[in-house]
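K.L.:
Take a look at the letters that make up each chain.
Number of protein chains: 2
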Amino acid sequence: MAVSKNVEQITSMDADFAQWYTDVVTRAELIDYSGVKGFFVLRPYGYAIWENIQAELDRRFKETGHENVSMPLLIPESLLQKEKDHVEGFAPECAWVTLGGSEELEERLCIRPTSETLFCDHWARTVRSWRDLPRLYNQWCSVLRWEKSTRPFLRHREFLWQEGHTLHATAEEAIEETERMLDVYADVYENVLAMPVLKGLKTDKEKFAGAERTYTIECMMHDKKALQSCTSHYFGDGFARAFDITFTDKDNTLKYPFQTSWGFSTRSIGGIIMTHGDDNGLVLPPYIAPVQVIVVPVASHKPGVLDRARELCNELRRAGLRAKLDETDNSPGWKFAEHEMRGVPVRIELGPRDIEAGKCVAVRRIDGEKTDVALETAPALIREILDLSHNIMFARAKARLDENTRTAVTMGEVKKIISENGGFVKTVWCGDEACEIKMKEDAGVTSRCIPFGDERAGDVCPVCGKPASKTVVWGVAY
Amino acid sequence: MAVSKNVEQITSMDADFAQWYTDVVTRAELIDYSGVKGFFVLRPYGYAIWENIQAELDRRFKETGHENVSMPLLIPESLLQKEKDHVEGFAPECAWVTLGGSEELEERLCIRPTSETLFCDHWARTVRSWRDLPRLYNQWCSVLRWEKSTRPFLRHREFLWQEGHTLHATAEEAIEETERMLDVYADVYENVLAMPVLKGLKTDKEKFAGAERTYTIECMMHDKKALQSCTSHYFGDGFARAFDITFTDKDNTLKYPFQTSWGFSTRSIGGIIMTHGDDNGLVLPPYIAPVQVIVVPVASHKPGVLDRARELCNELRRAGLRAKLDETDNSPGWKFAEHEMRGVPVRIELGPRDIEAGKCVAVRRIDGEKTDVALETAPALIREILDLSHNIMFARAKARLDENTRTAVTMGEVKKIISENGGFVKTVWCGDEACEIKMKEDAGVTSRCIPFGDERAGDVCPVCGKPASKTVVWGVAY
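These protein sequence lines map, in sequence, to chains A and B.
In terms of the numbering used here, the first sequence opens at residue 3 and continues consecutively.
In terms of the numbering used here, the second sequence opens at residue 3 and continues consecutively.
The hints are simulated quantities; they were obtained by calculation from the structure and are not laboratory data.
Watch out, some of these pointers could steer you wrong.
No distinction is drawn between identical chains; accordingly, a pair holds when it is met within one copy or between any pair of copies.
Stated by the list, open to error - With a straight-line cut-off of 25 Å between C-alpha atoms, the simulated DSS-like cross-links for lysine-lysine are: (1) K257 to K468; (2) K326 to K64; (3) K337 to K64; (4) K418 to K257; (5) K361 to K337.
Kindly generate the complete structure, drawing on both the sequences and the hints.
P.N.:
Below, the structure written as structure tokens:
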């Protein structure tokens, strides 16, 4: 059986995880390294994954009352500087426009690294009364951060994302929004991308520049490293004060409103790859796979085979599945390997004998399991196989997360777990940033989050030995 | 009856068309002037119009085999310079990034004014064989052009658009594609936006920088001026040669492929406003209106009214209509004026007596005509009113285009038509650019296009008197 050249070129995960990742990303044609350092081309297959994720998120944003808008690409330096913590966090990685047409600009303009300042500027002009609140906005766009080292999907100088920005009359309402959107993200990660999540609060050290609180979703990759997968921020009224956004409340007094922002990026695609992929390549979550079912005719030169395959493909499409027929002149074996490498959740094989028997063979990407499927009921059964694939993928990833999240009481235990097993380590923490820094120096891990509603992992901080009540999950992160 | 403040502030069209336009754009909350000169915020209502247009276009692109991708935002100067005509056209209006983080860049980077060079760069790396062709790509993004003067939707320094880029094995196929996409655009303009189109070829003078042929769609606005509404370009193999894109054809020889690009932008929203709007404000084409039906309860404090209005709104939604209930505490009169100003195609009034009679009153935005509609059959009837509104809007605009497109044989006739009536003037033209320039100097009009399949408007060029066979449509353009 001829094997696709693409498949042969994928390094095994165990041999070199980083190389495996790069191989999958390029061989599955998700990404092309562009001529501009740190910038990537999202090719059709990679972009189609993003489009499907976008649709899932956008529907949920609209169901929760959010409206899409478009803000300018460029931020005047004076605007970026209005909120001090924010500018400190972002100025070092800004790209600056200094020339427009042939004229030297009087004030240089930064390509947005994030758009809090632009939303604030707009709101300062347009919000007057409690009747104008809440503002529940979202923007789909790309942002720029001049990173030193980059990797496909995980760290780009330019990346695609959505950034939600909302403005509320009260702090309570804003905090509720921050948490609501984290739950929307968790819903998409778990029920769409089959990625179990760890939700929690970031420590002050790891907070977003300018935020009072940053909520995060952390996922565990195949190599047991953490991927910060999206974040949701509560700003209090700090930005409102810095940008002089005020509103007249129902009681006729002038107040500062409270603000949030939350973002989800193409980094999630890196997470999908490193959570579900295997040595044969990509394994795509069924609900966002650009092609959910690939129909491969076998002995397609035999009369009737191609016609029946085409008919089957159309039936699947009419049933709402993203099905495709591979009519190329490659051999069936080549096609099997190719679509496997591209992570298509279900392959259907259909040959003359299958047609005679009124069936086709459905092969699951996740484990290669073959099922005879009656042609008559194919759409419903394929849908079941997709649902089941999702469930198995989630369960596998959940088992990995659970097995590799361990509790430690002493620094010795932390170091032992990290060096022997890796994964996440849970400890209590005194709350002192110095201990957080020392944890990184001694055990090589950073705080991933203060998880929600977790039982206490001990009584004293493993670093300083002082009484501690906060539980922190530590890990090595991308 | 209380009238909305917003409505009072709209200047009448006849008094000052430009001011009327600005009033509509801002009072209907489509746009906010941002703090950065020439950059605009698309507010929720304006962006929702764009999202609906996007959905209509994107579906058609996919049905014709196109795939979406994402290219970098920035173009290295050396890349931009590879195609000489192209760089000459765009370099004067580029915004340049010269600083990344804290480092001065070795080569300055231009924010994309259009992405031909980036697509070429990608294709030069990834296209090898006839099997890789055609490439049918599209990108949704924003682009930057450092314009001197700007106007909402019509001319921004940054604007949202889609840019299709395709690569083909033969010139014939590429030309077919260029024309196919022009037809897709025409379909959307006429059958979705209710805007009749004039299709044709641009003269060499008005061509896109680097194109062999530029096809255009020109629409006539309320003030009889032309709006170049979108374009489709055929490049021959010029870009392929400049970027060294080659492929091995079936006959095993190395060839240069042929290329197209085509773009449709938020400028179309300016076109919608100036085609359909009136002195009461916006008039939105029903198929892209963010709110197609606004339900206004009358005497809503009376028992049962609000409940029945809510029920009706939900029924309309279930039937697939974009319906909204206005539950604010404003007076019905205020609401009528407000939604009229915002261009909502159908208003439904529902009061206690209507409910008793088992009906509601539907009011068409286009002419205020009122129809009693049985509550039982409301969704189907409202849909008919929307369809009819579309047809009437198209017919009105078509009548305006036809009535104001006149034929002239001499320069005297051209000048008389333009000064007395305005609109479009059709003449023959010798093909000499000098005559095109003189036409502008003498009559103040530019060539809009060489229309398709038109009968000849005369025998000699009205400017130079030489024999002429091409027909050109002239006009004053935005």
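K.L.:
All hints are to be evaluated individually against the structure, with a verdict given for each.
P.N.:
Hints and how they fare:
no.: 1; hint: K257 to K468; verdict: neither (41 Å within a copy, 74 Å between copies)
no.: 2; hint: K326 to K64; verdict: between (30 Å within a copy, 14 Å between copies)
no.: 3; hint: K337 to K64; verdict: between (40 Å within a copy, 24 Å between copies)
no.: 4; hint: K418 to K257; verdict: neither (52 Å within a copy, 61 Å between copies)
no.: 5; hint: K361 to K337; verdict: within (20 Å within a copy, 61 Å between copies)
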